[in-house]
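J.: Here is how the chains run, residue by residue.
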Amino acid sequence: MEPLKNIESLAYFSPEILLVVFAAAVIIADLLIKNRESELVAYISLVGLGCSLVAILITNSLINSNEPIPLFFGMIRLDGFAVFFKILLLLATAATILFSLRSEELDARLKGEYYALLLAVTFGMFLMASSTNLLMIFISLETVSLTSYILAGFLTHSPRSSEAAFKYITYGAVASGTMLFGLSMIFGMAGTGDLSQISSQIASVLASGGVSTLSVLIAITFILAGIGYKIASVPFHMWSPDVYEGAPIPITAFLSVASKAAGFALFLRFFHVGFGKPEILQSIDWGFILAIVSALTMTVGNLAALPQRNVKRLLAYSSIAHGGYLLMGAVLLTPEGLGAIFFYLIVYLFMNLGAFYVVVLIANEAGTEMIDGYRGLATRAPLVAGAMAIFLFSLTGIPPLAGFFGKWVLFYAVIGEGLYWLAFIGLLNSVVSLYYYARIVKAMYFETSEDTNGLSFSTGTFALLSVFAIPTIFIGLLNIFYTFSDKITLQ
Amino acid sequence: MEFTLKTFIFYGFALMTIASALAVVTVRNIVHAAFALMVTLFGVAGLYVFLQADFLAATQVIVYVGGILVLILFGVMMTSGRLEMRIHIERGQLLLGGGISLALLMLLLTVIANTPIWKNLTDDGTQLAPTTERIGQLILNEKFLLPFEVVSVLLLVALIGAALISRKEVRD
Amino acid sequence: MEINLLEQIVIPIIKILFIAHLLIIGVMAMIWSERRVSGWMQDRLGPNRVGPQGLLQPIADGIKFLFKEDLIPNHVDKPLYVLAPAMLLVPAMITIAVVPFGSSITIPGLENPILLQIADINIGILFILAITSLGVYGVVIGAWASNNKYSLLGGLRSSAQMISYELTLGLAIIGVLMLSSSLSLRTIAVEQGAYPWKWNFLIHFPAFLAFTTAMFAETNRLPFDLAEAEQELVAGYHTEYSSMKFAIFFMAEYMNMIVGSAVVVTLFLGGWHFFGLENVGGEGSILAGLISFAIFFIKTGIFLFVFIWVRWTLPRFRYDQLMNFGWKFLLPVTLTSIVVTGTLWVVVKENKQLWIGIGNVVAAFIVVAIVAGMLAMDNNSKSAVQSTPAAAPLRGLDAVE
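Chains as they are written, first to last, in the numbering used here: chain A, 1 to 491; chain B, 1 to 172; chain C, 1 to 401.
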């Protein structure tokens with residue numbers, strides 16, 4: 001299909017436009033509202049997300065799943081893949097806003113900025129999921145990164161938060177600089193920024209000897225530094241524990257789910273559309289390189305999580321490990337692998353956000369983020385403890401919870417391609433992860449604390465908790481009725 | 001290679017850029033380093049002219065030399081304002097950093113050496129043609145409108161963030 | 001490539017030498033006229049002893065500067081201290097390279113007519129903005145290298161001021177560029193033609209005012225001379241300079257004024273054109289060239305008089321007033337001017353220039369009213385909470401200590 005021109009593209013771009021419009025509306029509303037206790041800006045943001053969701057569904061009905069629509073002269077593309085990620089990101093943002101409403105960390109005076117930035121970062125992530133041009137890839141990545149830096153350092157009075165922002169920005173600057181260098185090299189080799197043309201261009205210069213395999217390899221490695229930084233894969237994961245620990249908890253949850261999902265969207269599109277084509281795979285075997293990265297990422301994440309005492313930091317390492325699992329699906333560069341990643345991301349969205357929500361609640365009520373603070377939670381707040389146990393066991397991958405099915409699909413896809421060793425490492429890692437997840441459960445159920453007062457939560461809290469807990473139990477069954485690899489493809 | 005006035009000026013700019021870039025990282029006085037950076041950025045603008053990118057060259061000077069670097073100097077003066085402000089580098093860090101930089105240089109040289117299409121680029125003798133109009137058309141009317149608009153969102157976010165971080169603690 | 005020695009080397013060098021010397025003589029004339037005009041405005045005589053009407057006074061001053069001992073204080077950062085005056089003077093001088101100071105002269109025997117301009121480059125305006133933005137380094141580096149708190153404060157103020165007003169300077173010309181659809185100063189001047197009602201200062205009146213104001217700020221002239229406010233900072237960034245180095249700072253300031261005036265004349269006041277005189281002597285003749293040069297010279301001179309006039313009319317801004325004025329008035333006005341100019345250019349079909357001119361003025365009034373209203377509201381709510389005035393950064397010495 002011919003790429004649409006600028007004006008023609010606007011209709012298909014409405015979800016993104018709505019987000020920006022509502023971000024501006026939030027800023028203006030914040031200026032006009034004098035009452036600092038008012039939560040109106042949060043509700044405006046939620047309405048904005050709702051409008052955007054409607055727009056996504058409408059645009060989705062306009063596309064045929066097998067024929068993507070290139071927009072803005074091929075800068076971005078609207079296809080099932082983008083729609084899937086947009087909905088996922090939207091849900092994660094909505095959850096983050098709901099968390100933020102409950103969070104007591106945030107300064108009431110800065111709400112307007114906070115929610116405007118959240119909408120802006122979602123806008124950037126939408127673009128990450130749909131970019132098909134090197135320039136657009138970089139700009140969308142930068143939009144997300146820059147906003148994330150600010151959000152991570154949002155608690156300006158907290159040294160921990162400022163440190164988080166500083167580390168984030170330092171690592172981020174190096175990573176995006178390296179990535180930009182790699183992109184420029186690829187552009188210099190292919191002579192085009194368009195992902196769909198790059199593969200054939202690179203293949204032809206490779207064949208004619210104009211470019212050596214080594215050069216392409218190094219260029220892609222540079223680009224991987226930028227993407228790997230976003231999905232916190234080894235060896236670009238170092239920022240993540242400190243940032244996750246220092247950032248406000250809702251933002252930590254957001255970064256661990258949405259930022260990672262958007263990173264994967266970019267990663268998958270980059271490789272499936274740009275460099276996963278057979279003509280390039282002949283000379284460079286990405287699968288093997290990515291498999292090693294994947295194995296390292298999950299192992300490092302899980303091993304580092306073992307000694308952690310701070311639940312936020314523990315979940316940070318755990319989310320690195322989950323990035324490793326997700327990478328297993330990316331290794332394959334097959335539709336089955338892609339389908340497995342989609343499914344795992346949905347499961348991960350619910351279980352990880354749920355776990356972080358409990359962390360927000362405990363931080364508010366008990367005032368601590370350490371495992372010790374979870375002692376005796378089973379008696380103090382049985383429902384919350386029960387939900388937390390569900391999330392943690394699901395993160396481990398214990399049947400019959402959703403996490404199990406997610407891993408099942410991933411391992412199945414990996415074994416199907418004959419990468420038995422990778423599946424084995426994944427399995428070993430799941431066993432290791434049981435140790436540290438179970439430690440929190442042990443603290444909640446088998447240890448007692450001096451403080452035995454029951455913690456009270458509002459009905460809204462329980463409702464939101466069940467929104468995460470119930471899918472974490474049942475969503476695994478979705479896989480039986482719905483196979484993503486048939487529905488959403490990347491080309 | 002034909003040695004003309006043009007190549008002579010080109011090597012002048014190249015030398016200026018590289019020498020001052022070296023000075024940026026080796027000089028111990030931070031203001032001197034910032035000043036050397038100015039020469040580097042100016043040299044890069046000169047190199048853009050040789051790439052027939054006149055608009056880019058002028059923009060480089062306006063944005064980097066005239067804007068960003070002045071802000072850097074401003075920041076340096078606000079925070080130190082004294083001649084004694086010096087950067088100390090441990091020997092171990094120096095060796096490590098130098099080693100990594102050297103390795104990276106070797107790597108990139110290998111890439112260049114292994115990419116024949118880059119080496120075969122020659123000056124085809126075309127005259128300097130104005131690029132401003134074409135760039136304006138591309139950014140505001142054609143292919144690059146979306147990136148341009150997204151960058152404006154990015155800058156808005158950066159503006160909000162800067163105001164947020166630099167804002168004084170509000171007491172009430 | 002064949003090089004025509006006469007046309008490509010000799011004539012440009014003659015033009016460069018001519019303009020460079022004209023600038024220096026212009027500086028001397030400016031120093032003399034500033035003192036005489038100041039005297040006239042304050043109802044006193046001014047210097048009138050050296051030569052007829054005191055005309056040789058600048059030469060006497062120059063000789064005095066040259067013979068003074070060149071002091072370099074011990075505590076300064078010597079390389080940068082020495083470099084700073086040159087950093088200020090050089091940008092001031094090279095900006096004039098792209099300004100057309102007259103039409104063209106056709107001399108029989110030469111292939112091309114001689115343009116009365118050193119270089120007509122197609123990114124002329126960008127070149128000017130780029131080089132002007134370098135000027136701040138002289139001030140900042142000099143201030144820092146002096147290692148003196150008054151100097152440093154002057155430098156800080158100056159850099160903040162220049163960064164703020166450079167935006168206005170750049171944005172104010174966008175409207176002009178839109179109508180002439182060229183960045184070349186010669187084209188812009190030619191587009192305006194000979195009749196004052198077609199000159200850009202009427203079509204883009206708010207932008208013209210904003211540009212002029214920003215240029216005052218860029219040249220560090222009153223009412224924007226906070227960098228050297230003598231009541232507060234001794235002499236600001238050049239406190240530690242003496243002898244010829246100080247003289248160079250002084251010269252650079254006047255050169256900036258002259259070049260700035262020349263740019264304003266080119267962009268907004270029709271350049272070398274004036275009605276009734278455009279065809280005297282015929283197209284390309286030496287007489288027409290000289291007349292065009294004279295017109296340009298007179299226009300620039302009038303504008304320079306405005307510089308001196310303003311100096312004795314307006315008091316100096318306070319720091320917070322300076323920032324408020326730059327960011328809350330000039331910037332919105334120029335931005336609106338761009339939007340209005342662009343919109344009307346597309347919407348209006350006839351008499352575009354007239355409508356754009358009216359639209360710009362109306363829009364500027366509305367913007368100023370809105371901003372003033374918001375500021376007044378802000379001040380009211382502030383004074384209700386706290387009685388102390390808003391703290392102005394860099395106001396006192398405690399900013400450094």
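Treat each hint with caution, since some may be false.
Within a straight-line C-alpha distance of at most 27 Å, the following computed DSS-like cross-link-like pairs (lysine-lysine) qualify [said to hold, decoys possible]:
#	chain 1	residue 1	chain 2	residue 2
1	B	K6	C	K15
2	C	K78	C	K68
3	C	K198	C	K78
4	C	K78	C	K64
5	C	K198	C	K352
6	A	K34	C	K328
Hint data in this document are derived by calculation from the structure and do not stem from the laboratory.
J.: Indicate, hint by hint, whether the structure satisfies it.
T.: Quick rundown of the hints versus the structure:
1. Annotation: proposed proximity of K6/B to K15/C holds, straight-line Cα distance about 22 Å (limit 27 Å).
2. For the proposed pair K78/C and K68/C, the alpha carbon gap of about 19 Å is at most 27 Å, so the pair holds.
3. About 52 Å separates the Cα atoms of K198/C and K78/C, which puts this hinted pair outside 27 Å; it is violated.
4. The straight-line distance between the Cα atoms of K78/C and K64/C is roughly 24 Å, inside the 27 Å bound, and the hint therefore holds.
5. Simply put, K198/C and K352/C have alpha-carbon atoms about 11 Å apart, close enough for the 27 Å limit, and the pair holds.
6. For the proposed pair K34/A and K328/C, the alpha carbon gap of about 22 Å is at most 27 Å, so the pair holds.
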